[in-house]
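Participant: Sequence:
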Amino acid sequence: MASVLVASNRGPLSYALAADGTLSARRGGGGLVSGLSSALAEQPEALWVCAALSDGDREAVRRGVSEPGVRMLAVDPAVYDDAYNGIANSVLWFLHHHLWDVPREPVFDAEFRRLWDSYRAYNLAFAEELAARAAEGAAVLVQDYHLALVPGQLRELRPDLRIAHFTHTPWASSEYMRMLPDDVREELVWGMLGADELGFHTWGWASSFMSGARIDSASGTADGLWPSGDPWRGVEHRRWGGPKRRTRVRVHPLGVDGDDLRALAHTPEVDDRLAALRAEVGDRKTIVRVDRTELSKNVVRGLLAYRELLRERPEWRGEVVHLASAYPSRQDLAVYRDYTAAVATLADDIEAEFGTAQWRPVLLSVRDDFTRSLAAYRMADVALINPIRDGMNLVAKEIPVVSEAGCALVLSTGAGAYAELREDALTVNPYDVSETAEALHRALTMPASERAERTKRLAAAATALPPQRWFLDQLAALRD
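Start counting the sequence shown at 0; every next residue gets the next number (numbering that gives the first Met the number 0).
Any given hint could be a false lead.
Claimed, not checked - Taking CB as the label site, the calculated pair distances span: (1) Glu-318 with Ala-475: 19 to 29 Å; (2) Met-178 with Asp-337: 17 to 27 Å; (3) Val-250 with Ala-459: 34 to 44 Å; (4) Gly-219 with Ala-459: 38 to 48 Å; (5) Asp-431 with Ala-404: 25 to 35 Å; (6) Arg-132 with Ser-23: 22 to 32 Å.
What the hints assert, rightly or not - Only pairs whose alpha carbons sit at most 25 Å apart, straight line, appear in this in silico DMTMM-like list of lysine to aspartate or glutamate: (7) Lys-284 with Asp-222; (8) Lys-455 with Asp-159; (9) Lys-284 with Glu-434.
What the hints contain is simulated information worked out from the structure, not anything from laboratory work.
For glycine and all other residues, C-beta sits at the position ideal for the given N, C-alpha and C.
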């Protein structure tokens with residue numbers, strides 16, 4: 000039985016199924032997976048519960064193949080698709096990022112109810128597995144909006160457990176939460192309130208949860224609390240006539256592991272890619288962005304701002320290159336395919352308007368290429384991070400850590416990292432293209448000494464809470 004358990008939709012590894020039937024395991028990438036894996040390795044009898052996402056993963060479960068400390072759940076693929084694409088990515092993501100086209104969406108009809116039933120079943124599969132594998136009084140740390148119902152479900156199955164949930168996205172405002180059907184909103188909130196501890200990246204997202212967690216219905220009551228003189232903030236609640244409980248709400252802003260990131264950025268493969276990019280860019284200034292083609296990342300407005308910079312500040316024509324990496328995201332959803340196409344079309348338009356035989360104003364990569372991204376980080380004179388609304392946006396922290404000459408950070412107020420980095424960034428309204436264009440000009444003309452000092456402070460803030468410490472702080476809070 001496990002004394003520490005982590006639950007997440009995507010786990011620390013995946014399996015590939017070869018044509019001859021052999022299975023091979025590959026560790027997941029990214030600082031969060033690396034940090035959590037390292038932290039869990041130090042915990043006795045720890046277990047990471049995740050979903051089997053691919054055919055290889057499901058075959059590994061069928062054969063009983065597993066890695067130490069990892070348990071994959073082979074949820075029915077149809078149920079998983081309903082829960083992941085139908086609800087998590089098409090409803091909850093849009094809800095928390097305020098992305099709905101309100102005159103036309105959302106539509107909560109019979110099909111939505113069917114999908115919600117699958118989301119509930121998906122969460123229950125995790126809750127039951129955690130309940131079966133947790134030791135008495137174990138600590139369970141549930142990750143993200145895919146599993147928002149798990150804390151409440153698990154509380155009913157195992158009231159002895161200490162349960163935490165961390166949301167890596169923003170949390171919707173109370174106005175957006177009220178757009179959900181009342182019973183669904185209450186189920187979502189009660190699911191979260193099954194936890195002893197709720198974590199968010201910023202107090203803005205935490206306060207949004209608390210302000211939207213007010214319930215007074217037949218199922219129970221919940222009130223957001225901001226008690227003066229009390230060392231915690233959270234929600235007090237009572238359900239089904241049971242005892243009054245408190246769910247504590249904390250903020251844990253996630254940082255990056257500076258040493259690990261720098262090591263990744265200086266591998267031979269990255270060195271080779273860096274040499275190729277430098278040959279193409281020459282001695283021009285660079286504006287770097289790395290994003291998924293996710294609607295909330297605001298890539299299109301970023302490109303519009305760059306185009307306005309070239310139109311209104313002609314002195315930059317031929318003197319700057321926009322290195323943009325746009326990883327295709329959620330291409331099984333039409334709205335994401337259309338957005339990815341719009342990014343590529345706008346980049347082509349800028350190339351057609353300004354490009355010459357000697358100068359390509361935009362070097363756009365629309366594929367998942369982390370090696371190129373790390374090379375671009377090292378070259379960055381300016382980093383453009385302008386999301387509409389984002390849980391954290393670690394790229395804003397990664398680029399200053401890796402940039403070799405120091406970079407000026409243009410950062411929107413919608414980034415979760417804004418609260419931590421705003422003193423040393425050039426901050427912009429994510430909707431204001433003209434303001435963003437002017438900030439790019441200021442960033443490009445920033446004196447080298449000022450840029451270096453800002454970068455030093457940005458890097459210090461970015462590495463203050465690396466993933467391993469971020470996780471261990473939450474575990475300590477849960478055990479307190």
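Participant: If a hint holds in the structure, say so; if it doesn't, say that too.
Facilitator: The hints, checked one at a time:
1. For the pair Glu-318 and Ala-475, the supplied restraint of 19 to 29 Å is violated, since their beta-carbon distance comes to about 50 Å.
2. For the pair Met-178 and Asp-337, the beta carbons lie near 23 Å from each other, so the given range of 17 to 27 Å is met.
3. Val-250 and Ala-459 have their C-beta atoms about 19 Å apart, which leaves the hinted 34 to 44 Å range violated.
4. The supplied range of 38 to 48 Å is met by Gly-219 and Ala-459, whose beta-carbon atoms lie about 45 Å from each other.
5. Separation of Asp-431 from Ala-404 is about 28 Å and conforms to the stated range, judged on CB atoms against 25 to 35 Å.
6. Against the hinted window of 22 to 32 Å, the Cβ-Cβ separation of Arg-132 and Ser-23 comes to about 26 Å, which satisfies the hint.
7. For the hint pairing Lys-284 with Asp-222, the CA-to-CA distance comes to about 52 Å; that exceeds 25 Å, so the pair is violated.
8. Between the alpha carbons of Lys-455 and Asp-159 the distance comes to roughly 46 Å, so the proposed pair goes past 25 Å and is violated.
9. Note on Lys-284 and Glu-434: the hinted pairing holds, with a Cα-Cα distance of about 20 Å set against a maximum of 25 Å.
Figure legend: structure checked against the earlier numbered hints; hints not met, in rising order: 1, 3, 7 and 8.
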